[in-house]
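Spelled out from the first residue to the last, the chains are:
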Amino acid sequence: MDRYELRRLDYSLTEDHRDLVTAYRQFFDAHCGIETVWAAEESGFDKALWERLCAMGAASMAVPESAGGDGATLVDLALVAEELGRAVAPVPWIDHVCATRLWARLGGVDAEAVDGSRIVGLDPRLEVTAGRRLIGTAAVADRLILRDGDDVVLLEFDTVGPRVDNLGRLPMAWVDPAEANRRSVLGSGPAAIAEYQRALDEWRMLTAAALAGLVEQTMTIAAEFAKSRYTLGVPIGTLQAISHPLANMAIVVQGGRNLARRAAWFLDNEPQARPELAACAFVFMAEEAGKAATMAVHIQGGLGVSTEAAATAYLVRARAWPLAGGDPAASARHIAGIIATRETELAEGA
Amino acid sequence: MDFSTVELDADDAAFHAQVREFLTATVTDEVRRRDRETGDNFDEAVHLAIGERGFLEQEYRTKSGAGFSRVRRRIWELEKRRVHTPWVTWGTTQLVAHAVEMFGKPELVAEVLPGVFTGEVRMCLGYTEPEGGSDIATCKTRAVRDEGGSGWIINGAKMFTTGAHNCQYVFLITNTDPEAPKHKSISMFLVPLDTPGIEIQGIRTVDGDRTNIVYYSDVRVDDKYLLGEANGGWTVLRGPLDAEHGAVAADADGLADPAIMAHQAGFMSAAVDAVAAHVGTPGPGGTRLVEEGSVGYRLGRSAARLEAALSTPGIFGRVAQAQTMREIGPDLMDLAGPASVLPLGTAGAADGGAAEYLYRFAPLAGIYGGTLEVFRNMIAQHVLGLGKPNYSPPRR
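Line order of the protein sequences matches chains A and B.
FYI, the UniProt record's numbering numbers position 345 of the first sequence as 345, with every residue one higher than the one before it.
FYI, the UniProt record's numbering numbers position 303 of the second sequence as 303, with every residue one higher than the one before it.
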């Protein structure tokens, strides 16, 4: 591609963006402390938190005004996802908004999906298009949207679950599309599959944003610990074996967050221009989040590995949340397919 | 937030076309070939031609509002990169010229600045010492008052004075009070490089560039060449150092790079794009390498890490770029196969030599203008609030 194209590289947030961030940070501070996170581990879901979040408009904001929503941009949603990740909130918001937006694009989305009163789940995997599968939100989703061959289908089950215990503390369950009690085809063929791919890109971008928030929070906790923990008379945070890995985490946060926001901007404004960026953000953060969360635990030593340490809550989710979307290698290969085709065509044209 | 293509009015569009035409005609294949051979990262004819068009002064005056508009500055920057215009010596010249303008005596400013704008005066950085390292305040090069008290005598040696052999002045850190605390012990001079007692020796680096070690033996300079106050060198040095470290926030109009050294990060983009084209081209059997899982995975992961590095702002980005070069350079070479080891410009080089150059350049990117450890210290101390790093006690 033309790397010297005259484009703006403006990552700055508007005042509206900053207000949105403040509102959601305050929301999660008030309603989703670490005790709330722990209390939801049995079910993977905090119903009261979800209802409060929807009452705040977090579900409806994601849907276009033409479909009855409030028409937020994906950049707005990325900012909310960062805050959700920072709080490791036990709510299936990312999956729900991606599924609902997809349903709105394919037509027929209902009001209960728009306002979040009935949860819609999504199969965020790229490589699976048929058969029984494990879905991160299936235990609490009232409806599921997934790909079944060349169809995009909306499924309803009379009995959901049961939830299977899992590392990410997600409301995860096995689903066999063939066993659905009600099945409607939302779309078929290349156009519908392209819309499904877009939902997968949105899921990857938002998950990357959430992981950036997650890493920033576990880094902040570890940095505070490193300031007050002493060895041989000095705070461990003044030792480069501790401070440099923390600096590396700060670098990951800055890069991953900005990349997710840039991917969101392109999805909003010029989806054909940089179709690889959402997967880029995901592949980067999926790899880095687990490493950073492990280092954050390590810095807190024996206290960090305790299940009572917040660090371990971040550790398990950092690894397992992205994995709900499948092997990141599938996303990496998706990126490669896009850029190899683009660069080959450009080289032939030159 | 805005990543859109910039809409240009008719004047700016004409400027864009004019700049591209001028640079394409000036920075020729011959210039690029010569640059690779000498490793100079400077071409006098190109530099003088740019000066003659007034572009040096325009670029230099952007910040003060008397030169290029922000958008023209951005156009100029991108088009220079497009044709691989040698950049290092002009970069150091600008850093020093700003310090001279701010701290130099009026007669020195008058001596230096007009030549900076024509291109005839170039300036380099005399910071690091053979026994020093990244802490430039631990300086052993001494400047002492001469017998008459109207000038100075300098003795010492400096490493990595890149471009010295193409420059007229060196921006030199000296120690003028060994007894004082280190930030009150240094003085800055702008030393004419044709002064007797200066010896420049070339050093070639693994990326193909040339830098220098410069020896100073009883070098006598007039007081005119002292910048700022004696023992007040730290004040003079701060501005150029912050600029070189990239510790200066990008403006919010999106017409600047999010981090410093975007030019160098461009080597990484070029390597990813070249390797993508290589593995996307059908081979003899009609299959494309990228269809193979391990190829697709490594290319996609490399692109992801590149895009993350390019998105990382400020001093964070400074580390991310250099670190990412080291991480993805080897994978990109593997993807290009054995022919990736053929040097830049060789017939048959799989990716035009882009990946092997990235591999050789990556070590440089992690040390010059401050090592990655310096930047990590800065992030840890100033962003995370972890305090100054603790070191073992100094050797007595």
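Take these hints with a grain of salt, some might be off.
[What the hints assert, rightly or not] A short, non-exhaustive set of chain A residues, derived as facing chain B with CB atoms under 7 angstroms:
hint, residue
1, Y4
2, A30
3, I34
4, V153
5, G233
6, A250
7, E343
8, T344
[What the hints assert, rightly or not] To give an idea of the chain A side of the interface with chain B (calculated C-beta under 8 angstroms), a few residues:
hint, residue
9, R8
10, L106
11, P235
12, G255
13, V283
14, F284
15, L323
[As the list claims (entries may be wrong)] Take a look, some chain A residues computed to stay more than 12 angstroms from chain B by CB distance:
hint, residue
16, L6
17, G33
18, D70
19, D142
20, R163
21, L167
22, R183
23, T238
24, P245
25, E288
26, A332
Derived from the structure by calculation, the hints contain no laboratory data.
Using N, Cα and C, we set each Cβ at its ideal position, and we do this for glycine too.
A quick look at each hint next to the structure:
Checking Y4(A) against chain B by beta carbon gives a least distance of about 4 angstroms; that is within 7 angstroms, so the hint holds. Checking A30(A) against chain B by beta carbon gives a least distance of about 25 angstroms; that is not within 7 angstroms, so the hint is violated. The interface hint given for I34(A) is violated, since its Cβ lies 21 angstroms from the closest Cβ of chain B, which is over the 7 angstroms cut-off. Here the hint on V153(A) is broken, as its CB sits about 28 angstroms from the closest CB of chain B, past 7 angstroms.
Interface restraint check: G233(A) against chain B, minimum CB-CB distance 9 angstroms, threshold 7 angstroms, status violated. At about 5 angstroms, the closest approach between the beta carbon of A250(A) and any beta carbon in chain B falls short of 7 angstroms, and the interface hint on this residue holds. Interface hint status for E343(A): upheld, as the beta-carbon distance to the closest one in chain B is roughly 4 angstroms, under 7 angstroms. Proximity of T344(A) to chain B holds as hinted, the smallest CB-CB distance being about 3 angstroms (cut-off 7 angstroms).
At its closest, the beta carbon of R8(A) sits 3 angstroms from a beta carbon of chain B; the interface hint therefore holds under the 8 angstroms criterion. For L106(A), the interface hint is violated, since its Cβ never comes within 8 angstroms of a Cβ in chain B; the closest pair sits about 28 angstroms apart. Here the hint on P235(A) is kept, as its CB sits about 6 angstroms from the closest CB of chain B, short of 8 angstroms. The restraint placing G255(A) at the interface with chain B holds, with a minimum CB-CB distance near 4 angstroms, inside the 8 angstroms limit.
Proximity of V283(A) to chain B holds as hinted, the smallest CB-CB distance being about 4 angstroms (cut-off 8 angstroms). About 4 angstroms separates the beta-carbon of F284(A) from the nearest beta-carbon of chain B, less than 8 angstroms, and the hint is met. Restraint check, L323(A) versus chain B: the minimum CB separation of about 16 angstroms is more than 8 angstroms; hint violated. With a least CB separation of 5 angstroms from chain B, L6(A) falls inside the 12 angstroms interface cut-off, contrary to its annotation.
Interface exclusion of G33(A) from chain B stands, the closest Cβ pair being 23 angstroms apart, more than 12 angstroms. The claim that D70(A) is not at the interface with chain B holds, since no C-beta of that chain comes within 12 angstroms of its own (minimum 19 angstroms). No beta-carbon of chain B is positioned within 12 angstroms of the beta-carbon of D142(A); the least distance is around 34 angstroms. Distance to chain B confirms R163(A) as a non-interface residue, since its nearest Cβ pair spans about 32 angstroms, more than 12 angstroms.
With a cut of 12 angstroms on Cβ distances, L167(A) stays outside the contact zone with chain B, its closest approach being about 23 angstroms. The Cβ of R183(A) lies farther than 12 angstroms from every Cβ of chain B, with a closest approach of about 33 angstroms, so its non-interface assignment holds. Interface exclusion of T238(A) from chain B breaks down, the closest Cβ pair being 4 angstroms apart, not more than 12 angstroms. Some Cβ of chain B comes within 12 angstroms of the Cβ of P245(A); the nearest lies about 9 angstroms off, and the non-interface call is violated.
Distance check for E288(A) against chain B: the nearest CB is about 8 angstroms away, which does not clear 12 angstroms, and the non-interface claim fails. Non-interface status of A332(A) relative to chain B is broken: a Cβ of that chain comes within 12 angstroms, the nearest being about 3 angstroms off.
The structure shown violates the earlier hints numbered 2, 3, 4, 5, 10, 15, 16, 23, 24, 25, 26.
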